[in-house]
Amino acid sequence: MISIKNVNKWYGSFQVLTDCSTEVKKGEVVVVCGPSGSGKSTLIKCVNALEPFQQGDIVVDNTSIADPRTNLPKLRSRVGMVFQHFELFPHLSISENLTIAQVKVLGRSKDEAIEKGLKLLDRVGLLAHANKHPGQLSGGQQQRVAIARALAMDPVVMLFDEPTSALDPEMVNEVLDVMVQLAQEGMTMMCVTHEMGFARKVADRVIFMDAGQIVEDCPKQAFFGDVSQRSERAQQFLAKILQH
Amino acid sequence: MMDFSAIVPALPGLWDGLLMTLQLMVMGVLGGVVLGTLLALMRLSHNRLLATIAATYVNYFRSIPLLLVITWFYFAVPFILRWITGEDTPVGAFASCLVAFVMFEAAYFCEIVRAGIQAIPRGQMGAAQALGMSYGQTMRLIILPQAFRKMTPLLLQQSIILFQDTSLVYTVGLMDFLNAARSRGDIIGQPHEFLIFAGLVYFTISFAAAQVVKLLQKRLAV
Numbered sequence: 027m028i029s030i031k032n033v034n035k036w037y038g039s040f041q042v043l044t045d046c047s048t049e050v051k052k053g054e055v056v057v058v059c060g061p062s063g064s065g066k067s068t069l070i071k072c073v074n075a076l077e078p079f080q081q082g083d084i085v086v087d088n089t090s091i092a093d094p095r096t097n098l099p100k101l102r103s104r105v106g107m108v109f110q111h112f113e114l115f116p117h118l119s120i121s122e123n124l125t126i127a128q129v130k131v132l133g134r135s136k137d138e139a140i141e142k143g144l145k146l147l148d149r150v151g152l153l154a155h156a157n158k159h160p161g162q163l164s165g166g167q168q169q170r171v172a173i174a175r176a177l178a179m180d181p182v183v184m185l186f187d188e189p190t191s192a193l194d195p196e197m198v199n200e201v202l203d204v205m206v207q208l209a210q211e212g213m214t215m216m217c218v219t220h221e222m223g224f225a226r227k228v229a230d231r232v233i234f235m236d237a238g239q240i241v242e243d244c245p246k247q248a249f250f251g252d253v254s255q256r257s258e259r260a261q262q263f264l265a266k267i268l269q270h
Numbered sequence: 117m118m119d120f121s122a123i124v125p126a127l128p129g130l131w132d133g134l135l136m137t138l139q140l141m142v143m144g145v146l147g148g149v150v151l152g153t154l155l156a157l158m159r160l161s162h163n164r165l166l167a168t169i170a171a172t173y174v175n176y177f178r179s180i181p182l183l184l185v186i187t188w189f190y191f192a193v194p195f196i197l198r199w200i201t202g203e204d205t206p207v208g209a210f211a212s213c214l215v216a217f218v219m220f221e222a223a224y225f226c227e228i229v230r231a232g233i234q235a236i237p238r239g240q241m242g243a244a245q246a247l248g249m250s251y252g253q254t255m256r257l258i259i260l261p262q263a264f265r266k267m268t269p270l271l272l273q274q275s276i277i278l279f280q281d282t283s284l285v286y287t288v289g290l291m292d293f294l295n296a297a298r299s300r301g302d303i304i305g306q307p308h309e310f311l312i313f314a315g316l317v318y319f320t321i322s323f324a325a326a327q328v329v330k331l332l333q334k335r336l337a338v
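Taken in sequence, the protein lines are chains A and B. Be aware that the first sequence starts at 27, since it is given in our numbering, and climbs by one per residue. Be aware that the second sequence starts at 117, since it is given in our numbering, and climbs by one per residue.
Don't take each hint at face value.
Calculated pairs, DSSO-like style, for lysine-lysine (alpha carbon to alpha carbon, straight line, at most 30 Å) [to be verified]:
(1) A:Lys51 <-> A:Lys100
(2) A:Lys158 <-> A:Lys142
(3) B:Lys266 <-> B:Lys334
(4) A:Lys100 <-> B:Lys334
(5) A:Lys31 <-> B:Lys330
(6) B:Lys330 <-> A:Lys130
(7) B:Lys330 <-> A:Lys136
(8) A:Lys158 <-> A:Lys51
(9) A:Lys145 <-> A:Lys100
(10) B:Lys334 <-> A:Lys145
Distance windows between CB atoms, simulated [to be verified]:
(11) B:Phe191 <-> A:Lys100: 44 to 54 Å
(12) A:Pro94 <-> B:Gln327: 52 to 62 Å
(13) A:Asp180 <-> B:Val207: 33 to 43 Å
(14) B:Ile277 <-> A:Ala92: 45 to 55 Å
(15) A:Ser119 <-> B:Leu332: 16 to 26 Å
Selected chain B positions facing chain A (Cβ under 8 Å, derived; list incomplete) [unchecked claim]:
(16) Ala243
(17) Ala246
(18) Leu247
(19) Gly248
(20) Met249
(21) Gln253
(22) Leu257
(23) Ile258
(24) Pro261
(25) Gln262
(26) Lys266
(27) Pro269
(28) Gln273
(29) Ser322
(30) Ala326
(31) Gln327
These are calculated hints, taken from the structure and not from any lab test. For each residue, glycine too, the CB sits at the ideal point set by N, CA and C.
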């Protein structure tokens with residue numbers, strides 16, 4: 027579903043991604059972790075071309091991002107993305123947030139879009155908030171709406187860029203629950219997250235990045251199994267985040 | 117002794133002048149905001165050429181007096197039209213003044229709109245694009261509506277300034293409010309009374325509008 031091939035990216039002369047390659051198969055859940063500044067958010071933003079890269083290619087559902095003929099907006103409409111800071115549209119109501127792209131990008135009728143949007147809003151448990159504005163919801167609620175907004179586009183794959191790291195601790199689980207459910211339904215997912223509990227529960231593979239490189243790319247069992255088999259950098263990282 | 121009684125019979129004429137002033141202001145603001153928004157998008161674009169053209173435009177018009185622009189367009193607009201259409205096309209002082217206001221104000225509105233767009237978090241752009249929106253859709257549906265909400269007080273403030281600046285059209289003979297008041301005062305021989313009255317009207321309208329701006333600023337700040 028997603029094939030990342032030898033991607034290199036520079037900010038000026040500073041290389042942020044070095045020769046990154048990996049695959050995400052249909053129905054697979056891949057968790058990307060690593061210290062801050064390791065390039066994991068940058069990599070996931072390359073997957074829907076929000077960040078350009080200079081070398082290599084990423085193929086999403088048989089569409090090459092590096093190919094200049096690719097219609098990037100069209101590709102993005104089929105790739106769901108959830109951001110660290112939710113990024114709901116504050117000037118629109120919750121139901122408008124859920125429908126605007128369905129109508130303006132996919133060309134669905136208003137009724138169809140509303141029906142779809144409300145169904146998904148119900149699914150994330152927020153149907154009662156349809157007419158509110160984002161500012162009236164808690165962070166966890168906003169993030170659940172953001173997930174519903176992405177799902178409303180019927181994406182072939184979902185990207186999560188640290189979806190819980192801007193949340194108060196008591197709100198993390200309500201968002202993770204939605205993500206777990208999504209994973210169990212067979213959605214193809216690529217998640218940048220530090221939630222190792224989530225990774226243990228639903229991930230098929232774990233990718234560990236450091237300094238712009240993919241250092242580890244292995245099945246969950248191997249990643250959380252015998253730690254001594256892992257690279258030194260991954261061991262240090264795991265020791266730090268699993269301590270508590 | 118001041119005698120203001122002569123103003124009452126002159127009110128219909130003064131009202132016509134006030135209408136012209138308001139008309140110039142409203143149309144100038146609308147046109148200026150539209151052109152200013154275009155210029156702001158050009159200035160923010162990655163295309164160097166577009167950005168340079170817009171920046172030059174803005175810097176030029178902000179560096180010359182409005183009176184000069186009005187006078188210049190009064191002579192230039194008929195000339196340009198003749199050059200385009202090949203025949204004499206009378207446009208009149210009103211149209212040429214309006215063009216001058218729109219072009220002059222656009223330079224100021226451009227900077228307001230540009231700041232407004234830049235005040236919107238970058239993530240909003242990313243979120244809209246991630247949903248498959250084109251650049252145009254992102255601007256039209258997501259960024260500009262939020263930006264305009266933020267800049268409403270500044271836009272109104274600039275409009276109040278334009279409301280006062282419309283009085284400069286007397287130089288090309290337009291009967292705006294101030295010109296109507298002055299000419300009537302001159303004819304009757306009571307210029308002071310009419311000018312004081314005109315000042316009061318300008319003050320009342322501008323002051324009331326400024327209060328509205330203050331109120332809006334308070335409401336939008338929450």
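Evaluated hints:
For the proposed pair Lys51 of chain A and Lys100 of chain A, the alpha carbon gap of about 21 Å is at most 30 Å, so the pair holds. Proposed proximity of Lys158 of chain A and Lys142 of chain A is supported: the alpha carbons are some 18 Å apart, at most 30 Å. For the given pair, Lys266 of chain B sits about 12 Å from Lys334 of chain B by alpha-carbon distance, which is consistent with the 30 Å threshold. Distance check on the hinted pair: Lys100 of chain A and Lys334 of chain B sit about 41 Å apart at the alpha-carbon level, beyond 30 Å; violated.
Distance hint between Lys31 of chain A and Lys330 of chain B is unfulfilled; the C-alpha atoms sit about 56 Å from each other, more than 30 Å. The hinted pair formed by Lys330 of chain B and Lys130 of chain A fails the criterion: a straight-line CA distance of about 36 Å is larger than 30 Å. Restraint check for Lys330 of chain B and Lys136 of chain A: the C-alpha separation of about 38 Å exceeds 30 Å, so the hint is violated. At most 30 Å may separate the alpha-carbon atoms for a hinted pair to count; Lys158 of chain A and Lys51 of chain A exceed this at roughly 38 Å.
Using a Cα cut-off of 30 Å, the hinted pair Lys145 of chain A and Lys100 of chain A holds, with the two alpha carbons roughly 24 Å apart. Of the supplied pair hints, the one linking Lys334 of chain B and Lys145 of chain A is violated, its CA atoms being roughly 38 Å apart against a limit of 30 Å. The hinted range of 44 to 54 Å is satisfied by Phe191 of chain B and Lys100 of chain A, whose Cβ atoms lie roughly 51 Å apart. Taking the beta carbon of each, Pro94 of chain A and Gln327 of chain B are about 55 Å apart, inside 52 to 62 Å as hinted.
Under the hint 33 to 43 Å, the C-beta atoms of Asp180 of chain A and Val207 of chain B, about 55 Å apart, miss the expected range. Between Ile277 of chain B and Ala92 of chain A the beta carbons are some 50 Å apart, a value that agrees with the proposed interval 45 to 55 Å. The supplied range of 16 to 26 Å is met by Ser119 of chain A and Leu332 of chain B, whose beta-carbon atoms lie about 22 Å from each other. Given the 8 Å rule on beta carbons, the hint for Ala243 of chain B holds: about 4 Å separates it from the nearest Cβ of chain A.
For the restraint placing Ala246 of chain B at the interface with chain A, the shortest Cβ-Cβ distance is roughly 4 Å, inside the 8 Å limit, so the hint holds. Contact between Leu247 of chain B and chain A, as hinted, is supported at the beta carbon level, the nearest pair being about 4 Å apart and thus within 8 Å. A distance limit of 8 Å between C-beta atoms decides the matter here; for Gly248 of chain B the minimum to chain A is near 3 Å, and the interface restraint holds. Given the 8 Å rule on beta carbons, the hint for Met249 of chain B holds: about 6 Å separates it from the nearest Cβ of chain A.
Nearest Cβ of chain A to the Cβ of Gln253 of chain B: about 6 Å, under the 8 Å cut. The hint holds. Residue-level restraint check for Leu257 of chain B holds (minimum Cβ-Cβ distance to chain A is 6 Å; threshold 8 Å). Hint on Ile258 of chain B holds. Least Cβ distance to chain A is approximately 6 Å, under the 8 Å limit. Given hint, Pro261 of chain B at the interface with chain A, holds; its Cβ is 5 Å from that chain's nearest Cβ, closer than 8 Å.
Taken as an interface hint, Gln262 of chain B checks out: its beta carbon lies about 5 Å from the nearest beta carbon of chain A, inside 8 Å. The interface hint given for Lys266 of chain B is violated, since its Cβ lies 10 Å from the closest Cβ of chain A, which is over the 8 Å cut-off. Nearest Cβ of chain A to the Cβ of Pro269 of chain B: about 17 Å, over the 8 Å cut. The hint is violated. Checking Gln273 of chain B against chain A by beta carbon gives a least distance of about 22 Å; that is not within 8 Å, so the hint is violated.
Violation of the interface hint for Ser322 of chain B is found here, the shortest Cβ-Cβ separation to chain A being roughly 30 Å, above the 8 Å cut-off. Taking 8 Å as the C-beta contact cut-off toward chain A, the hint placing Ala326 of chain B at the interface is violated, the least distance being around 26 Å. Taken as an interface hint, Gln327 of chain B does not check out: its beta carbon lies about 25 Å from the nearest beta carbon of chain A, beyond 8 Å.
Consistency note: the structure conflicts with the earlier hints numbered 4, 5, 6, 7, 8, 10, 13, 26, 27, 28, 29, 30 and 31.
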